[in-house]
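Colleague: Each chain, written out:
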Amino acid sequence: MNVAPLNDDLRTLYQEVILDHAKHPRNARLVERHTCKAQGNNPMCGDRVTVTAQVSDDGRLRDVGFEGKGCAISIASASMMTEALNGQTIAAARRLFDAVHDLCTGKIDADAAKAKIPEAAESVDKLASLSGVRQFPVRVKCATLPWHALMSCLDGKGQTTTTEK
Amino acid sequence: MTSHPAKKIVPAFDVAKVRADFPILSRTVHGKPLVFLDSAASAQKPRQVIDAVTKVYSDEYANVHRGAYYLSETATANYEAAREKVRGFINAKNVSEIVFTKGATEAINLVAATYGRAFIKAGDEVVITAVEHHSNIVPWQLLRDATGCVLRIAPVSPDGSVDLAEFAKVIGPKTKLVAIAHVSNVLGTVLPVREIAGLAHAAGAKIMLDGCQGIVHRHVDVQDLGCDFYVFSGHKLYGPTGIGVLWARAELLDAMPPYQGGGDMIDTVTFAKTTWAPAPAKFEAGTPPIAQAIGLGAAVDYLNSLDRVAAADHEDALLRYAMTRLAQVPGVRLIGTAPHKAAVQSFVMDGAHPHDLATVLDRHGVCVRAGHHCAQPLMEILGVSATTRASFGIYNTMEEVDVLVHALIRAQEVLL
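Protein chains in written order, with the working numbering: chain A, 1 to 165; chain B, 1 to 416.
By construction, these hints were calculated from the structure, which means they are not laboratory data. Since the structure is predicted, the reported quantities are computational estimates derived from the model, not experimental observations. Just so it is clear, CB atoms sit at the ideal spot from N, CA and C, and this is done for glycine as well. Fair warning: there could be bad hints in the mix.
Estimated spans, in silico, between C-beta atoms of each pair [unchecked claim]:
1) A:135 / B:47: 56 to 66 Å
2) A:56 / B:241: 22 to 32 Å
3) A:69 / B:327: 50 to 60 Å
Below, computed lysine-lysine pairings styled on DSBU-like, alpha-carbon distance capped at 35 Å [stated by the list, open to error]:
4) B:32 / A:69
5) B:32 / A:23
6) A:126 / B:174
7) B:55 / B:121
8) B:32 / A:107
Make a model of the complete structure from these sequences and hints.
Modeller: Here's what the structure looks like:
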C-alpha cells in the first residue's frame, strides 16, 4: 500500500488558503435580492449550506453568497466558490462545477481544468487547492456540497439537494 | 505447616488478554497502530464470534425450522440455543420472550407497528426523551402520523442528565408508552430507567428501553429493570451485524398482532383465514438471520467468560481518565458530564470542526465518530451542529486515551 507520509497528505488538504477561507469565509451572507436560492445537505454528517445568487438580465452571476455550518473543507469550498463565480456566466459556472468535481475526484489536474475554462483560469488555480481531498475519499462530498447547492440554485429548483444522490 | 485461610485475590481486568481475542486490533491504519474508539457505532468482533459464524457456514448450515434432516435439525438447535443464551444474558423469564430481529431499529419499528397500531389511539401519548437516537424518534413519528397520537419529549439537562422531576411532568393519564434510551449514544448518560419505569407504570403506561448502548456497558436484568420491552442490536455487543433482539413480556407478545406475514410465523394458512404461531415465531416471518443469531450467542458466551464486573470497572476507569485528559486539552469542551455515565464521551474543540478532527485523527490511526450521531434534535438542544465522540469497549486501554489526546494536539497544529 502506498501511503504518503502523515503530514504531507494532511498539509495538502489543510493548506493555508483553505484554512484562511474556512476561518474567514468570504460572502458568508444570504444575498438579499437573490434570484435563486437552494440548500445543500450532507445527511451523513449534518452539514448544511444555503446558496443564494443574483443573476442579472445578461445571464451573469452578479452576487453569490452562502450561509451554513460545516467543516473547514465545505466552508472553504463555499467561500472560494462565491469569489470564483462573481461576474461569470451561468455556462461558465456549470463548467466550473464540473472542473471542481473532477479536481476533487482526481480526474484532472489544475492545468487541464484551466484549459477547459480559460475565462476563469485564475479562479481555477485557487479552486485547485481543494483537490487535496482526492486523498480522502469520504471528504470529497464536503468539497462538492456547496457546488451541488449552487447547481440546484441555478437550475431554479429552489429546493434542498443532498450529497446522497 | 500452617495454612492461612485462602485470601480471595481478584485479578485486575486483563485487557491484554482481551485484546488478543480481537484479531483486528493488531492491524495498523495509515502505518499507525489501530486505536479503535468507535465501539458505540459498532464494536469489533472477538475470534470466538468470527469462528462461530465461520463454523455455521462451513460445517452446520441449513435453513431452520424446516427440513427433517440432520443439518437442518443441527442449525435449528444452534439457532434456538442462541435464543436461550440471550434469555439468560438478560434474565428473561421465558425463552419465548426473545424475538430475533435484524437489528434494534427493526425491533423498535416492530413495537411501534404492532403494539403501537393495536393499542395506541388518537390523543394517546408516547413519551420519549430529548437524547434519543433517530431510530427511537422516527418510528413514533410514523405511528403519530398513522394514528393521531401525540409525541411528548422529556427534556435533557445541560450536563446531559435526564431529571426525574422534569420527566414526571410529561407523563400523564394519556401516556400509553414511554420509549427511552437506557444509555445515551451521544452523551453516555445512564438514564434512571428503574425510576422512570415506576412513573410509567403508575400512569398505567408501558415502557420500552432502547438498550443498544445500555446492554454493552451495564448488566441488564429485564425483570429487575421493571421494563416491558427491551431492544438491542448484536453488532454493538461484539456480535455480528444483521441481528437484533426484542424482549417483551409474554402477555404483551401474545396480545400484539404479527409484524410481517410470511413463512415460519403461521399456525395454519387457508385462503380464507390464517392463524398465527405463538411468539416468538409470530414475529419472525421468513428465513431468519441464522448465522448472525448464532454469532450473537457466541458473543454472549464470550462476555460471560469474562469477569463482567471487572470489565465494567475497566470501562469506567477509561471514561474517567479520558474525561480528565480531554478536559486538559486547550479549547476542548466535554459534551455530556452527567454523574451517571457509561464509557462514551463527546466533545467539541474550538476552531476545529469534528469532521476535520476525525480526518486528522484517522491519520494517527485513531477511529472516532464525528457528526450528529443520528441525534439531530439533541444536537440542536446542545447548540452544536456536530460533536466528536470517543467511545470505549472492553478492549481499549489507557495508552489509547493518551494517543487520542496526543493526536488532538497534533490536529490543532494542522487545523488552527
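Colleague: Are residue 32 of chain B and residue 69 of chain A close enough, with their CA atoms no more than 35 Å apart?
Modeller: holds, 31 Å
Colleague: Given the hinted pair residue 55 of chain B and residue 121 of chain B, is their alpha-carbon gap at most 35 Å?
Modeller: violated, 47 Å
Colleague: Look at the Cβ atoms of residue 56 of chain A and residue 241 of chain B and judge whether their distance stays inside 22 to 32 Å.
Modeller: Once the Cβ atoms are compared, 53 Å apart, the range 22 to 32 Å for residue 241 of chain B and residue 56 of chain A is violated.
Colleague: Look at the Cβ atoms of residue 69 of chain A and residue 327 of chain B and judge whether their distance stays inside 50 to 60 Å.
Modeller: violated, 25 Å
Colleague: When you take the CB atoms of residue 135 of chain A and residue 47 of chain B, is the distance between them in 56 to 66 Å?
Modeller: violated, 33 Å
Colleague: Residue 32 of chain B and residue 107 of chain A: Cα distance at most 35 Å?
Modeller: Satisfied, since the Cα-Cα distance of roughly 29 Å is no more than 35 Å.
Colleague: Verify the proposed pairing of residue 32 of chain B with residue 23 of chain A, using a straight-line Cα cut of 35 Å.
Modeller: Holds. Residue 32 of chain B to residue 23 of chain A sits at ~30 Å (cutoff 35 Å).
Colleague: Compare the distance between the alpha carbons of residue 126 of chain A and residue 174 of chain B with 35 Å, and conclude whether the hinted pair is satisfied.
Modeller: violated, 60 Å
Checked against the numbered hints given earlier, this structure breaks hints 1, 2, 3, 6, 7; the rest are met.
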